[in-house]
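Make the full structure from the sequences, and use the hints.
Protein chains in written order, with the working numbering: chain A, 1 to 245; chain B, 1001 to 1348; chain C, 2001 to 2076.
No lab work stands behind these hints: they were computed from the structure.
There are no misleading hints in this set.
Partial list, derived from the structure: chain A residues whose beta carbon lies under 7 angstroms from chain B:
hint	residue
1	Y40
2	G63
3	R70
4	P73
5	V74
6	V81
7	N82
8	L85
9	H103
For each residue, glycine too, the CB sits at the ideal point set by N, CA and C.
As a plain string of letters, each chain reads:
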Amino acid sequence: MTYRDLLKLELFPTTWCPGCGIGHIMIQLAMAMEELGLNYTNSTVIGGIGCTGRLSSYMKVDGIYTLHGRTLPVAEAVKLVNPDLKVIVVSGDGDLASIGGNHLLHVARRNADITVILNNNEVYGLTGGQAGPTTPQGVATISSPAGVSYAPLNLQTLMKACGKYSYAKTTVYHQVHLRQCIKEAITWPGFAFVDVTSQCIENYGRRLGYNKAYDMMLQYRATYKRAPQGAETLGPGEIGIVRKG
Amino acid sequence: MKRLVQGNEAIFLGAVKAGARFFAGYPITPSSEILVLAAERSARDPSFKFVQSEDEIAAGNAIIGASLAGAKAFTATSGPGFSLMQEAVGYAHMAEVPVVYVDVQRVGPGTGMPTMPAQQDIMQTKYGCSGDYHPLVFYPNSVEECFRYAVKAFNAAEESLSPVILLSDAFLGHLNEVIDLDSIEVEIVPRSRPPVGTGTRWFSGLTHDDEGRPRTADAKAFIKWHSRVKARSEEVAVRYRDFEFKANPSSDTLIVSFGIVSRVVAPLASQFALFRPICIFPMLGRELRECARGYDRIVVVEGNDGQYASLVERELKREVLSIPLLGGRINLGLVKRGLREKLEREVP
Amino acid sequence: MSRVASRCVEYAHTRWNPEWCKRCNICVQCCPKQALVLRDDAIIEVEGCNRCGLCERLCPDLAIEVMEPRTKKEKP
Chain A
1 MTYRDLLKLE LFPTTWCPGC GIGHIMIQLA MAMEELGLNY TNSTVIGGIG
51 CTGRLSSYMK VDGIYTLHGR TLPVAEAVKL VNPDLKVIVV SGDGDLASIG
101 GNHLLHVARR NADITVILNN NEVYGLTGGQ AGPTTPQGVA TISSPAGVSY
151 APLNLQTLMK ACGKYSYAKT TVYHQVHLRQ CIKEAITWPG FAFVDVTSQC
201 IENYGRRLGY NKAYDMMLQY RATYKRAPQG AETLGPGEIG IVRKG
Chain B
1001 MKRLVQGNEA IFLGAVKAGA RFFAGYPITP SSEILVLAAE RSARDPSFKF
1051 VQSEDEIAAG NAIIGASLAG AKAFTATSGP GFSLMQEAVG YAHMAEVPVV
1101 YVDVQRVGPG TGMPTMPAQQ DIMQTKYGCS GDYHPLVFYP NSVEECFRYA
1151 VKAFNAAEES LSPVILLSDA FLGHLNEVID LDSIEVEIVP RSRPPVGTGT
1201 RWFSGLTHDD EGRPRTADAK AFIKWHSRVK ARSEEVAVRY RDFEFKANPS
1251 SDTLIVSFGI VSRVVAPLAS QFALFRPICI FPMLGRELRE CARGYDRIVV
1301 VEGNDGQYAS LVERELKREV LSIPLLGGRI NLGLVKRGLR EKLEREVP
Chain C
2001 MSRVASRCVE YAHTRWNPEW CKRCNICVQC CPKQALVLRD DAIIEVEGCN
2051 RCGLCERLCP DLAIEVMEPR TKKEKP
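Next comes the structure, spelled out in structure tokens:
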């Protein structure tokens, strides 16, 4: 059994644009699941609307593609009904933090025992490249031509507002760290959030001046460094895990 | 054992009898008793799962997740909450998920009159969501029927693999009647489809083929899916086309009413023929046509501005008179006044 | 696996799947030996591959992999 056995290779090539970071998350998730002994008998992957949600259709487990923004109530319910299943949500920044924001607030607060992996590409890719709740201030997109005029949502702060939390920050460049964060999140007993900076070259990076997908990944390499051991808060540009059980 | 049971309580107990073990909901008058009963049950019985959701959108979606995970699941709300849940209802139709939505109606639109009974969500149960779909909708008129039709709603959901709407209203929900629940015999339809965590399927709200693969640019695939679920809905509905008809050969007028209004209208059986649909959708066109034969005038009395009347007119292809009972004011005096106006004759 | 393999192009060290590859250029750019080029809509392995596996690891589409070394008995 290798990680490839967890993928529906018969559906390849995938629907994502050339160079899209979601493929990286899918591969690392499959590797993490294989290492943890997860398969269709003991896990499910739930995706929301957007490019990222399609990931659930490529995994060889029962998957659900929910309504836009509604992965978390669905995932929480699945876990309550069947606590023996590992429930893994993979979705985008709009789906989880904009339309799904209210659910993020409360499902995290209720410490639902699920894993949530955010493909944080700072944009609404599928609909052409509109700004989202994690688009940095000042960035021009097709729905913010003069630049976003307010600060993005601070997801770490949101998670830390909960009584119990597990918040991981990583990028698709840092593949080993990404896989490690996914495994830690899956095995964490409670709500575990993995915030993955990832590239949307086609509807975002290209307009910001990046030539190719790897140029965005090199930017992640340059920008993000490991947080110091034992850090309780991740600073800007730091990857790591902070948690409170 | 005979005891006083509340309408909302009867719906809850019917759900439990049907095997429901997941409830998600948001408090909203006049349905909140169902949520509280679910919370209390869950505290006593860990196998019954309860979530007080952050909003109705979460609740409407959570029950879909619970159902896909293998549990018979339901929620209870009122008009405004039901409006918020519409997208989820449509999703359940497209993804073919058995769930039950209980709507204890109140006066609307908007926040309306939270404590006053109405029947203004009739159209919403059939047309509230985007897209074409063919729902099964029930509306009981007594506490005992609340119990029976809660069970039937779950059965119909399992058979049709679709969301079934159980209507009630602020009056019926809070009506207390003496019944012996233990003596009511019901059939339970079991869950047939394996839950998530047993296969490699993909459940989605996108138009899909028989293998669950998205077919978002394939008209043939849509038509195939649409015809299949429509036919299945009609085939299942055959077993649920419940109604009550009291003929009256000495009358030339048939009164159509349902839910709480039908209880108020009941004493008019001596003067009029009465038709009471319990299955609101699919429309009981065949039954209405059969029963309406021999009556010159058809009058629909309802707690809204003629919603069901317009549907009856479409089925009968003849003029249908409408008596709206608005603002939560539902009493026999008003009904008689309306009949006098519309029939232009005395109604003792 | 043989179905997958028959679609692929085998080079000296790498195996490339033209059907899954989206020509995104990640492998070309990340190769520390510059042993891969994108030419005429194809990924081609040129001189210098040291089998480090970065291309295989960083391809988001599983479209390129480093092959197992051939034994003496196999055809070159």
